[in-house]
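Line by line, the protein sequences are chains L and F.
1 is the number of the first residue of the first sequence in the working numbering; add one for each residue after it.
1001 is the number of the first residue of the second sequence in the working numbering; add one for each residue after it.
Worth flagging that the hints you see were computed from the coordinates, not collected in a lab.
Mixed in with the good hints there might be a few duds.
Stated by the list, open to error - Okay, the calculated bits of chain L under chain F, using three or more residues with CB under 8 Å as the criterion:
1) 176-182
2) 333-340
3) 343-354
4) 358-369
5) 377-384
6) 395-402
7) 425-435
Glycine included, every Cβ here is placed at the ideal spot set by N, Cα and C.
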Amino acid sequence: MPQRGKIWSKIDWLTAVIYLILLIIGWLNVYAAVYTESHHPLFDISTRYTRQFLFILLALFLAFSAILIEVNFYTFFAYVIYAFGILALAGVLVAGKEINNARSWYSFGWFNIQPSEFAKLAVCFGLAKFYSTFNLKTDTLRTTLIAGALIILPMLLILMQPDTGSAIVFLAFLIPMYREGMPPFILIIGILAGILFFLALILDKLTIILLLAVLSAAGYYLWQKKWKEVIVGLFIPAAFWFIVHLIDRIGHLGVSSFLQWTISLVTGLFVIAFLAIRYRLKKVFVILGILVASISFTFSVEYVFDHFLNSYQKQRVRIMLNLEQDPQGVGYNQNQSKIAIGSGGFFGKGFLKGTQNKGEFVPEQSTDFIFCTIGEEWGFLGSLVVLVLYALLIFRLFQMAEKQRSRFSRFFGYSVASVFLLHVIVNIGMAIGLLPVIGIPLPFVSYGGSSLWAFTLMLFIFLRLDASRLEMLR
Amino acid sequence: MDPFSNRKKFIIILAAAGFLALFGKLFYIQIIDSSYKVSAESNSQRIVTRYPARGLIYDRTGKLIVSNQAAYDVLVNPSQLQSFDTAALCKMLGITVDAARRAIDSAFRFSRYQPSEFVRQISVQEYAVLQEQLYKFPGFFVQPRTLRKYHTSGSSHLLGYVGEVDKSVIKKDPYYRMGDYIGISGIEKAYEEALRGRKGQEVLLVDVHGRVKGSFADGKFDRDAEVGEDLYTTIDLALQEYGEKLMQNMRGSIVAIEPQTGEILALVSSPGYDPALLVGRARAGNYARLAKDTLKPLFNRALMAKYPPGSTFKIMNALIGLKEGVIGTQTEFGCNMGIQIGGMFKRCHSHASPLDLRGAIQNSCNSYFFLTFRNIIENRNYKNSTEAYNAWRRYVMSFGFGKVLGSDLPNELGGFVPAEDYYNRYYGKNRWNAYTIISLGIGQGELGITPLQMANYAAIIANRGYYVIPHSVKEIENKTLERKFRERHFVAIDSSLFNPIIDGMQGAVNGPGTGTALIARLPNIIICGKTGTAQNPHGADHSIFIAFAPRDNPKIALSVYVENGGFGATYAAPVASLIIEKFLTDTITRPWLEQHVLNANLLYYNAPKRKNMVED
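Bound-form chain F, shown alone:
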């Protein structure tokens, strides 16, 4: 009847094709392609970080060294801004009107509806003023952050500082986000993971304008911040501060260790700086100023400066000589203001002659140790001098020299004890012998030793032959200390060989008769010590002193360096003596000695190199 009724089929097919196309595309975007789910999340969720407070840092007696203070970031939400008294706000926050305008411009560029930073880290005082006036400035609000607060004006090299993470760290560790704080040096860096705690988060649902519409999934994915763990350091804050006081007019360092445990009692690098300088808004400016300072206050001398050990190394050669049997405790060598050795006359200072081992250490006789060193290197038990030298070097290295000790403090350097190759390159293979390198006998030459290694050396002698890797933290809340800070490392010298040397060190400080460090003597405590002088090409020699006390069951071992301080006995020995007295008795009975140290003027003054200077 109807000639066109078969056209119905085509229409049905057309409609069906349309529905099929819809079905196919729906199936694709809802089931196959998962990218839309990701886009939806980034659209509608905003993750707000909850920042934890950093862990506190205490000294070994439980005194608080580092805590936290509140700081406030001022944020601005451009969409809520109304006209306001710009000048008044800027005055309150201590910024220029120009800076304010720039901050608001960049906030607008970032987002109209999401808050951005206006001024960061205003102090509690500024906040108190601002808070009362904040109602006059709609669109501005305040977000609390925590900053470090220091209860000492020093210890900065030990504690390190905290700053914002940089891009390279963010790339390596996904924990960190732009604007997070991280320990950048010292203990803050070494124990970052314990101190930082764990950031929490709040997942918010936002709308198309970035306005918060509520909590996502009823807070199922929210997490509270976990406060950082507290650290109990090995530092004796009173001793540390006393050390800083003594060193205030000198460049140099003090490292004091409790010998049995390897705990660092004090670590002073002078000049230092007030750690409060590197907190908050002023940090960047102050850092730049400190970095430019020619006295290098940011340089941690205690861990990174390398000096030749000077005469303190005579102990080392004495121990090796005894161990190798090339000298005995009764061996005597004559010395008449020096000796003829290897075709050269090596000078010494005036003292009685001949001296046995004990006397040679007490009086720091150069000739005695030139000969001892020659005997070690010419030892017939070894095939040649190179072999003997390698044996000598193994002994030296067993004391922790020439390698990084592995303390918990970052940026520790390893120093330098030349290997055989070094001399082979310099003189040619088999073309060097004991006489070529004879200055090693009195600790001069190519050796590079850090003050920390030197303090550890003092601790080894105090322990009669072992050390525990020096470390600065005793206890972390909820955690046991790393095992490597409890192990004893024994050196390659028998403990019985130490006593004659210690006799010499006792003599150097306490006599009888002459001694190089009699100035360090304490009436009731037997200090054992050894002076040293590190030659340096730039000016007067560095004054070095290592010591431990009391002689039996020692409680403290230390190294003191005073740059351009001259003889070991001039400044380093008095400083060490005062530190020991302070630590063991908590009193100072020799104000004149303290005054002598405080009166030093070595910070800027570099005495010219004296000619014909002789090792002490």
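Here chain L stands alone, though its shape is the one from the complex:
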């Protein structure tokens, strides 16, 4: 056991200082976001900046407490904390207060607690504990599935509130899982499926199918470096298409080009499969399997898109993909957000001088769209400072996590860094029009107690774990 006084000297102060700077930047911008010339009193509990000040004070208290608690407490109670988190999420669906059509909040007088913010912390504990199980084989599908279940449980509960944005954040845990040995194909399939999902919405199906066919052929060549099979494989469906097209022309059948291609591709694939069996080319089957899976996925995307997403979610995705121009409707927030940030220019308009900010053109400016205030009033320079601070913090956390000797601490560190990373990229990406509108806060900067406290606890518990890294060999 280390001595009490020594713990403070082992804390990573660079991280703590970045944390404090972000808190100050956050408070100043919340002040600017809600500032109006008419009311000035600095201490007025009805204003968001005064409340945020109190939230910050409590956050600092939590940070202190997190440092003072023994490491053993964290590791011992990890599953209990996870269970608490899940219970809180389940409870809010029953006892929560409904705000904006979502049951996401426990109400306590003038402030509300959002359990989904604390659920991230709970999952950090639960997963870290699970991955630190003695003799766990981390690279098996079984481990991945159990860990996945631990993530999906809170996600589902949050989706029931419903709060898609907060649920998406839990995908960040794929990063620590990957680091600990999760089969990479899950990550790769995930990424490819994501790309295909968006392509399926942008391009028409025929184009995608042809693209996939060509990509498969190219993939086969890169894999096997054999021209013969690639050329035969491409020739067969092409020949079929030519025949079908000719019959259609001569007979004036008026078959649509989509149907012509489908007929020739399906018959072509059967012939290729037959040839592959005949000449015992196993690898052709692998490629064909991937091709068929991708094509089925493409067709299922539309079904999923139409049946599983809310109309506002669909529209947000469409707007981000430029499929829909609707600056006064659903796209209003993002459009106004881009205007505010874009009009900041290099140096910004100055503190409290943002015209878009003062005119309340961007809704939710002190919470999800707080980056608008930064971008407009502090310009590219200020935005860059904030970006650099986050990058420093997150890379530092990854670096520190990697140095941990215990898997629990390492997983915990990676989790904290990954959750921060996802929040920063998604929040700023949404504000500047890089990503669809997903309402999640910017860590330490957005107005709100729950997220601030949860992020603070995540950060300082990890700092506490890091401070003791040399003592533990778990």
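Given the coordinates of chain L, assemble chain F onto it according to the supplied hints.
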């Protein structure tokens, strides 16, 4: 020890790629793409125009003719509306409940939070009533504008009027915005740039609902409106109003000019209209009514009507004849109720015979000027009649005929003096001669002259050979008058040749013996004048008179047209005489003459064309 530690690299690369994407997009929208700055401005700034008052218009003696009156636009801000007594409000504003409902509907459609027009231009009286009651109608408020106020019931053709700009003007001149006022005709149009002043602006910061949050940049971009400049016109308002009074029962025009300066003393086009009719809310309705009126009160006869000059043109031919040496002052021609010329008998009226030049003008002998004109066109100094005609036309054009004089009044027409081509087309090249076009000798035929040109012609004779382009404004506050209104234009006739003609004009009014315009005679002032009759195919001839007075150092030159008034002496000469007397002495010593003019009934009555009418 840890088989997966190399996976750290991929994670770092992933994170770095994320940050780089943010950096790239930020750099693009904040530094490269400037369109967001424009959008931000249009989002958050509202420019409120401060309207200046238009410049005032005075007459030459400093009497105010046009000033401004306050009018009030009633605006409505839909977001602040509460239920109110619609009937009471409509009654106060003089509108129907239906119209009110429509206005509120369209205001809602425009914006919930920004004010739009409810009723425009209510009068001071209506405003006074409304103001006391306004507290009962939340959401309604009043914005002052200025409208024109006229201190005369006439002068409308001269002053012109002010109205809202139309889209074509807005497209051409970026100064104007929808709803701005602009001078549409007359002096208001000609001096628009001086009169309008300069609009100011106030840049306000607004929020997402259009609510005003304060001044933008502490008012750095605000600008006060600059009041329009005052105009001092050349008009003698008393004379103008007297002219309008005399013409009240006739169609026609009076244009009076101060000969030495070209200043227009009065410009009457009858029938006219009260300029107050074209102010404010009633403008559109009244305009439509005036436009439909068969008497064409909107038509500015003084600048736009073209008539043959009739016998007044005999002076022109006399001057050209003298200048070309084809007649002398002592040349006499016989006339016995007409002469045989070019195989035709051209009639004249009864007078002594033979007459010299002076007598021919005094008695307006047709035969004398047929022969003079023949001599001009048959002049051996020219190769052929066409050449001689071209020389004649150059003289005529030097008097400002057949072209726009270039006065400061808009819509001035140039009239018509046929060119050689015109006759070539009509008769064939070299197939016309003096006899074909002989009626030009007495000012009939194809000539088209406007009353303004005719007054200028009188001024040229009064000046013995020069004119200054007629203009209606003497002085613009802070500005000097355009140079072209100070220059003298000399005609192609020597000034010494004018005196014998002026003798004839003096004789026509003052005798001795017979004269065509003895009715215009004044006891103490020598008026020189010439009557004319313009033939027109639609009815009785137009009565024309040009004159100037006094003979030496003339102070006023004028032309008077009375449509279907018959002989020049019937109405035009008395009107001219009264105008001269009024201007020079400010009294009327011949009430019987004034009564004669006022008793005319020529506004609606068009006498049938008399047969065998002879030029006077």
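Violated constraints from the hint list, given by number and in increasing order: none
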